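Here the structure of chain C is known, so what remains is to put chain A in place on it, guided by the hints.
2 protein chains.
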Amino acid sequence: MLDKTLAELGESESLRLTIGRLIQGEYTLVGPGDDAAVVKAVDSRFVVTTDTMIEDHDFRLDWSTGFDLGFKAVASNVADVAAMGAKPTALVVSIALPSGTKVSWLQDFADGLNAGLSELAPGAAVVGGDLARSDKVFISVTAHGDLQGLEPVLRSGAKPGDVLAVAGTLGKAATGLALLERDDSAKSAFDELVSIQLRPQPPIALGAIANKVGATAMLDISDSLAQDAARMARASGVSLVIDRSVLSGFEAVLDQAAMRLGVEPLEWVLYGGEDHSLLATFPSNVQLPKGFKAIGKVIDKADSEVYLDEKAILGRGWDSVTG
Amino acid sequence: MLDKTLAELGESESLRLTIGRLIQGEYTLVGPGDDAAVVKAVDSRFVVTTDTMIEDHDFRLDWSTGFDLGFKAVASNVADVAAMGAKPTALVVSIALPSGTKVSWLQDFADGLNAGLSELAPGAAVVGGDLARSDKVFISVTAHGDLQGLEPVLRSGAKPGDVLAVAGTLGKAATGLALLERDDSAKSAFDELVSIQLRPQPPIALGAIANKVGATAMLDISDSLAQDAARMARASGVSLVIDRSVLSGFEAVLDQAAMRLGVEPLEWVLYGGEDHSLLATFPSNVQLPKGFKAIGKVIDKADSEVYLDEKAILGRGWDSVTG
Numbered sequence: 653m654l655d656k657t658l659a660e661l662g663e664s665e666s667l668r669l670t671i672g673r674l675i676q677g678e679y680t681l682v683g684p685g686d687d688a689a690v691v692k693a694v695d696s697r698f699v700v701t702t703d704t705m706i707e708d709h710d711f712r713l714d715w716s717t718g719f720d721l722g723f724k725a726v727a728s729n730v731a732d733v734a735a736m737g738a739k740p741t742a743l744v745v746s747i748a749l750p751s752g753t754k755v756s757w758l759q760d761f762a763d764g765l766n767a768g769l770s771e772l773a774p775g776a777a778v779v780g781g782d783l784a785r786s787d788k789v790f791i792s793v794t795a796h797g798d799l800q801g802l803e804p805v806l807r808s809g810a811k812p813g814d815v816l817a818v819a820g821t822l823g824k825a826a827t828g829l830a831l832l833e834r835d836d837s838a839k840s841a842f843d844e845l846v847s848i849q850l851r852p853q854p855p856i857a858l859g860a861i862a863n864k865v866g867a868t869a870m871l872d873i874s875d876s877l878a879q880d881a882a883r884m885a886r887a888s889g890v891s892l893v894i895d896r897s898v899l900s901g902f903e904a905v906l907d908q909a910a911m912r913l914g915v916e917p918l919e920w921v922l923y924g925g926e927d928h929s930l931l932a933t934f935p936s937n938v939q940l941p942k943g944f945k946a947i948g949k950v951i952d953k954a955d956s957e958v959y960l961d962e963k964a965i966l967g968r969g970w971d972s973v974t975g
Numbered sequence: 653m654l655d656k657t658l659a660e661l662g663e664s665e666s667l668r669l670t671i672g673r674l675i676q677g678e679y680t681l682v683g684p685g686d687d688a689a690v691v692k693a694v695d696s697r698f699v700v701t702t703d704t705m706i707e708d709h710d711f712r713l714d715w716s717t718g719f720d721l722g723f724k725a726v727a728s729n730v731a732d733v734a735a736m737g738a739k740p741t742a743l744v745v746s747i748a749l750p751s752g753t754k755v756s757w758l759q760d761f762a763d764g765l766n767a768g769l770s771e772l773a774p775g776a777a778v779v780g781g782d783l784a785r786s787d788k789v790f791i792s793v794t795a796h797g798d799l800q801g802l803e804p805v806l807r808s809g810a811k812p813g814d815v816l817a818v819a820g821t822l823g824k825a826a827t828g829l830a831l832l833e834r835d836d837s838a839k840s841a842f843d844e845l846v847s848i849q850l851r852p853q854p855p856i857a858l859g860a861i862a863n864k865v866g867a868t869a870m871l872d873i874s875d876s877l878a879q880d881a882a883r884m885a886r887a888s889g890v891s892l893v894i895d896r897s898v899l900s901g902f903e904a905v906l907d908q909a910a911m912r913l914g915v916e917p918l919e920w921v922l923y924g925g926e927d928h929s930l931l932a933t934f935p936s937n938v939q940l941p942k943g944f945k946a947i948g949k950v951i952d953k954a955d956s957e958v959y960l961d962e963k964a965i966l967g968r969g970w971d972s973v974t975g
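Residue numbers (my numbering), protein chains in the order written: chain C, 653 to 975; chain A, 653 to 975.
No wet-lab data here; the hints were simulated from the structure.
Hints are all accurate, no fakes.
Identical copies go unnamed one by one, so any copy, or any two together, can satisfy a pair.
Below, a list of computed lysine to aspartate or glutamate pairs in the EDC-like style, where the Cα atoms sit at most 20 Å apart:
id, residue 1, residue 2
1, K788, E707
2, K754, D714
3, K945, D895
4, K788, D708
5, K692, E803
6, K949, D895
7, K942, E771
8, K949, E962
9, K754, E660
10, K864, E803
Source: prediction; values computed, not measured.
Only chain C is shown next, with the shape it has when bound in the complex:
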């Protein structure tokens, strides 16, 4: 049965064999199977974000298993919920697959969704979805969150004098990608870096915690530290100064792989995407929550948006249209 393809089984049976595997959530009032789901919104508001992953643009099927893609789809979306200072509650997942895909692949994808939810967003669940046919794999997730009575943390609230801090990895996902692209023995030597590319580990719970202690601005680093810091600076009408010396800790863990591939590790730390770590600003009198590391400060708007010590850096990174 599991060797059968989606075309052989049809939509209903393929879904039946998959939906039954999904974990239940704490916020689900009506789950999959009707025209729509119903989800609790405890404080009468909900946070909502959507993101799409497309084969050969955002992933390759010879690098990522169905499990990896399920995990990554959860991670990248709940990171956006966390970046608002909210707790993830519910996801809907649309997936389009070639009709020759085996249903076991779809089940593996569902298991990856489950693993991502259990590890990163316990209590949240997939409450609905859509299965369609296409030549390339297309995964679109919409994630929801609960602000638990607090105000959302926007990217526009950074104030001069605030501390700039990051929670999560910087450059590991990009290094993992470089290792996969090189496709030689280096790949197996740096298994953990490859795994961060395939199954990112953003510190989701820290989003709501940062909100509770008074973070003034927050976003998730999906395109690059440089790019997303520039977005925060622009939205807040300030400039950001990153302390070069503090980044050395992030570079150090990439050193071995960087040497092997002949790359400057700072390049990955500043310009690598897909770690989905949280970049936040806090008033200077706030004790940073455990897991956040101060990497700089907010200053009055200057000529450039982001500085590395005294040097202006450009906000380059991944663009989902131009690549």
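Coordinates of chain A only, in the frame set by chain C:
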């Protein structure tokens, strides 16, 4: 500028030129532009549903303009919200387009979203989205709704003795598709039928109204009357009897086109998809809301799920995986 392609403009600029056109909603607390949006959920719950449309599977770019696709994406998704007995409040929209697409196409799509919202779901708005690059056009929409303090109307609540009723068109969208496929002068002779295929007109407001008067079960007819009635019967553990004579009114409006194309109009009424009309059951003592038409009744579970008068009919229709 509007002649420029998405690749020439990049993601941020393409989005900037598009998002500014979107209408504002009554439920939006934080709109597009941050990591996520924030939406009011007045009664501490929200309804959520998702649906995907894929080029050459669900639409053809030589038949549908960007405007048509925006309108249809709204219609097909808010119909699922309405079918739960809820009022649509907010949508997020993911779209993937070839990088050579002109930004004017994307703006036309946004205008279609606006028109669909204004006509079908006033008060609701697009609160977020995602723009990506792909060879084929993919459109994935997640729609949200407010139950206004009522319980959701599931497809599983139909009871023997209930009246079966429909609100909206039956078979018009399928007839429109047949006309487009024929691609001759018939197309312009039956403009209204083609327009229902391209821009469906489900009676969205009637979903919440049906809920208020006590509908026991409801779903939207996306695949076909026969198929979706069978789903309702299965979920409710009952059988449904459709009154053949009542369908003649639905057939009559298709007669001319059916004659031109040499098709039996009942075929379209029973087995045509994409009208997104509401199929609901009501206790027999309830006065049907204006816009609903009784087409049959609910009986105890029998050998078949759906009967046309005494004749069992099969639940065939569109399958999104096998086509």
